[in-house]
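J.: Can you build the whole structure from these sequences, using the hints too?
Chains A and B, in that order, are what the protein sequence lines are.
Counting in my numbering, the first sequence runs without a single skipped number right up to 1117 at its last residue.
Counting in my numbering, the second sequence runs without a single skipped number right up to 1117 at its last residue.
Among the clues, some could well be false.
For chains that are exact copies, the list does not tell them apart, and a pair is met inside one copy or across any two.
What the hints assert, rightly or not - Only pairs whose alpha carbons sit at most 20 Å apart, straight line, appear in this in silico SDA-like list of lysine to any residue: (1) Lys1064 to Val1074; (2) Lys979 to Ile1079; (3) Lys997 to Phe1093; (4) Lys957 to Asn1083; (5) Lys1113 to Asp812; (6) Lys999 to Glu1055; (7) Lys890 to Thr806; (8) Lys999 to Asn1083; (9) Lys997 to Lys1031; (10) Lys803 to Ile884; (11) Lys997 to Pro1084; (12) Lys999 to Arg1061; (13) Lys979 to Tyr1082; (14) Lys1031 to Phe1093; (15) Lys1064 to Val966; (16) Lys979 to Val1074; (17) Lys849 to Gln808; (18) Lys1031 to Pro1090; (19) Lys1031 to Glu1092.
Derived by calculation from the structure, the hints in this document are not laboratory data.
Since this is a predicted model, take the numbers as computed values, not measurements.
There are 2 protein chains.
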Amino acid sequence: MTHTLTLPRSVEWKETFISLLDQQLLPNTVEYIKLHTLQDVWDAIVTLKVRGAPAIGITAAFGLALSLQNYDVQTIEEFKKKLHADKEFLASSRPTAVNLFWALERVVNSINNAISINEAKTLVIHEAIQIQAEDEATCYRIGDYALSLFNKHDRVMTICNAGSIATAYYGTALAPFHISKERDIPLKVFACETRPVLQGSRLTAWELQKSGVDVTLITDSMAAHTIKTKGINAIIVGADRIAANGDTANKIGTYGLALLAKAFNIPFYVAAPKSTFDLSIASGAEIPIEERSAKEITHIGDVQVAPDNISVYNPAFDVTPSEFITAIITEHGIIHSPSVDTIKLVLN
Amino acid sequence: MTHTLTLPRSVEWKETFISLLDQQLLPNTVEYIKLHTLQDVWDAIVTLKVRGAPAIGITAAFGLALSLQNYDVQTIEEFKKKLHADKEFLASSRPTAVNLFWALERVVNSINNAISINEAKTLVIHEAIQIQAEDEATCYRIGDYALSLFNKHDRVMTICNAGSIATAYYGTALAPFHISKERDIPLKVFACETRPVLQGSRLTAWELQKSGVDVTLITDSMAAHTIKTKGINAIIVGADRIAANGDTANKIGTYGLALLAKAFNIPFYVAAPKSTFDLSIASGAEIPIEERSAKEITHIGDVQVAPDNISVYNPAFDVTPSEFITAIITEHGIIHSPSVDTIKLVLN
Chain A
770 MTHTLTLPRS VEWKETFISL LDQQLLPNTV EYIKLHTLQD VWDAIVTLKV RGAPAIGITA
830 AFGLALSLQN YDVQTIEEFK KKLHADKEFL ASSRPTAVNL FWALERVVNS INNAISINEA
890 KTLVIHEAIQ IQAEDEATCY RIGDYALSLF NKHDRVMTIC NAGSIATAYY GTALAPFHIS
950 KERDIPLKVF ACETRPVLQG SRLTAWELQK SGVDVTLITD SMAAHTIKTK GINAIIVGAD
1010 RIAANGDTAN KIGTYGLALL AKAFNIPFYV AAPKSTFDLS IASGAEIPIE ERSAKEITHI
1070 GDVQVAPDNI SVYNPAFDVT PSEFITAIIT EHGIIHSPSV DTIKLVLN
Chain B
770 MTHTLTLPRS VEWKETFISL LDQQLLPNTV EYIKLHTLQD VWDAIVTLKV RGAPAIGITA
830 AFGLALSLQN YDVQTIEEFK KKLHADKEFL ASSRPTAVNL FWALERVVNS INNAISINEA
890 KTLVIHEAIQ IQAEDEATCY RIGDYALSLF NKHDRVMTIC NAGSIATAYY GTALAPFHIS
950 KERDIPLKVF ACETRPVLQG SRLTAWELQK SGVDVTLITD SMAAHTIKTK GINAIIVGAD
1010 RIAANGDTAN KIGTYGLALL AKAFNIPFYV AAPKSTFDLS IASGAEIPIE ERSAKEITHI
1070 GDVQVAPDNI SVYNPAFDVT PSEFITAIIT EHGIIHSPSV DTIKLVLN
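T.: Dropping the structure here:
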């Protein structure tokens, strides 16, 4: 039996506007804002109303499709110039977002051979829709592969939000749970709250609850005790960047979970699309770790929870060595015991 | 060279009142409240202005010393009856606090052989002061032993607040750091914030900063990455209850740190006085784990950080099996490789 998920999409193309779930307001307020102009799209990306590399790329692609409706141009050359300028503008919204540039380039390149303005308009819209559809298909395949690794009634732990709202749909690490709901396969998820920014409690708990998935929230510090007392069967996480040898950068806290998985002898899975792999770097040692503002730890909302002038260490990510990763789940298949060779084998 | 610590005491006997650091207001407000009556003392315990088993016991003992100043009695028998009633009243402030009952009993028993009211008054005050002095001496011995396990410039991680403000002075797990400051031995401490109640950021960071100890605050999820990248040399924690075989119940998150210590091959120490041992229970399996309110996780201050009606698992403690504990540090000496036999050997 297949159910239709009750989980809404975070980005939707509505012809004259983009409907966007404002992730900054979750979980207390579920609000879909309407983006009508290129500036609206730029603002939404800058103010983090949309987050997750794929969701940002999709939103930007739709941003170009939105903007061209108001082009006052007479020739295809003028059209291309306008589109290029819009691309440059949106690319400036988050200068480190690889997926954003990739999506914008793809849309712009789709009209390389266009000979009329009307053809170009259709191509841009089509390409943006295509990017979203492909990402959803990718997530679905990842989820399908991941689900094959779980048994009915398994208890699975996750951290951060590698979720549907960060992608076109389904997400990566959370895809198997949404698909399990579609297929009526009972799983139990334990979501780590994911300090300091609380993506686990604010986003993952909300998203899985919305899908009707059985989800329980814990603090990150409860992982070991929960694995032991609740009989956790596996841990699954997303990834920000995967090196050629399988070393995986992901939200801070991931590495600790991988070590706990090993201590308790349960599998530790990474779910990520091929685009997350950076085969130009040999290992995780080459991945720089961003340090973020002390205030993320010393304050929660407006509440100060640490003394003034306290020293803080706030790395945003950590790197899990591939030896602690049981498998990496991609849209091209499952990479068991990830290494330079096994990764090449599946991705090529 | 020995320095006098700049860290204040959390409980002080001031003849006509008790001066008490209001721990509920830390770290934003450092306020010493004056307790003038038995009711004030009862309120302070109930509203968690004082926390930590030893500090609660000391406050209650001083509470009896305070109250008797207003006794309108003519005979020693009337005095004893009054004191007994006061003891029963204070014991009702926290019905599960073993150390509270122990301290109250000890004060009441100190006047068993008193023959005059004046003698009884002196004995009560003397006993209360004695309880505080003995606790400070115990903590100092624990800290002294613990410090012998560290080298100059070591980087040490801790969780929760097994600190001076929870005891007469110095604390247990934090005692070596305060003493290192007195002796001018440089150590670097990394304090885990300790979700959900944030004793690490609110109390430990404040207390060590107050002493001038080099302390850096991290979230609990950063422990693995910090151990690796900052070269942590050891982890030290307090204890709520230690079974005959050395299994140790302590603040949630402790067990995970012990497993990380093993993964990184660094020592994991528990610092606790003899009174924390419960030799009547064979192992940690007999220690019930209290579950606390979901709101501790779903809300921080008044800020809601998780969706309405989300399932939450909130165990207050976890149990670290003794096999993961390198040593337990007591006022009677260091118990290496804790077991039924090694524990008996040091404690007896």
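J.: Check Lys997 against Phe1093 for me: Cα-Cα at most 20 Å, and say if that holds within a copy, between copies, both or neither.
T.: Cα proximity of Lys997 and Phe1093: in one copy and across copies (19 Å, 15 Å).
J.: With identical chains treated as interchangeable, where does the CA-CA distance between Lys979 and Tyr1082 reach 20 Å or less: within a copy, between copies, both, or neither?
T.: between (34 Å within a copy, 19 Å between copies)
J.: State whether the alpha carbon distance between Lys999 and Arg1061 is at most 20 Å within one copy, between copies, both, or neither.
T.: This pair counts as between: shortest inter-copy Cα distance 17 Å, intra-copy 33 Å.
J.: Please work out whether the CA atoms of Lys997 and Pro1084 approach to 20 Å or closer within one copy, between two copies, in both situations, or in neither?
T.: between (28 Å within a copy, 12 Å between copies)
J.: As a check of your reading, is Lys979 near Val1074 (CA-CA no more than 20 Å) within one copy, between copies, both or neither?
T.: between (31 Å within a copy, 16 Å between copies)
J.: Within a copy, between copies, both or neither: where do Lys1064 and Val966 come within 20 Å Cα-Cα?
T.: Close inside one copy (11 Å) and across copies (18 Å); limit 20 Å.
J.: Between copies, within a copy, both or neither: which fits Lys890 and Thr806 at Cα up to 20 Å?
T.: For Lys890 and Thr806, only the intra-copy Cα distance (16 Å) is at most 20 Å; the inter-copy one is 81 Å.
J.: Can you give me the call for Lys1031 and Glu1092, within, between, both or neither, at a CA distance of at most 20 Å?
T.: Close inside one copy (10 Å) and across copies (17 Å); limit 20 Å.
J.: Taking 20 Å as the upper bound on the Cα-Cα distance, should Lys1113 and Asp812 be classified as within, between, both, or neither?
T.: Close neither inside one copy (39 Å) nor across copies (66 Å); limit 20 Å.
J.: With 20 Å as the alpha-carbon cut-off, assign the pair Lys1064 and Val1074 to within, between, both or neither.
T.: Result: close both inside a copy and across copies, 10 Å intra and 17 Å inter.
J.: My question is about Lys849 and Gln808: at a cut-off of 20 Å on alpha-carbon distance, are they close within one copy, between copies, both, or neither?
T.: within (19 Å within a copy, 80 Å between copies)
J.: Treating 20 Å as the Cα threshold, decide for Lys1031 and Pro1090: within, between, both or neither.
T.: Classified as both: same-chain Cα gap 12 Å, cross-chain 17 Å, threshold 20 Å.
Hint compliance for this structure: hints 5, 10 are not met, and every other hint is.
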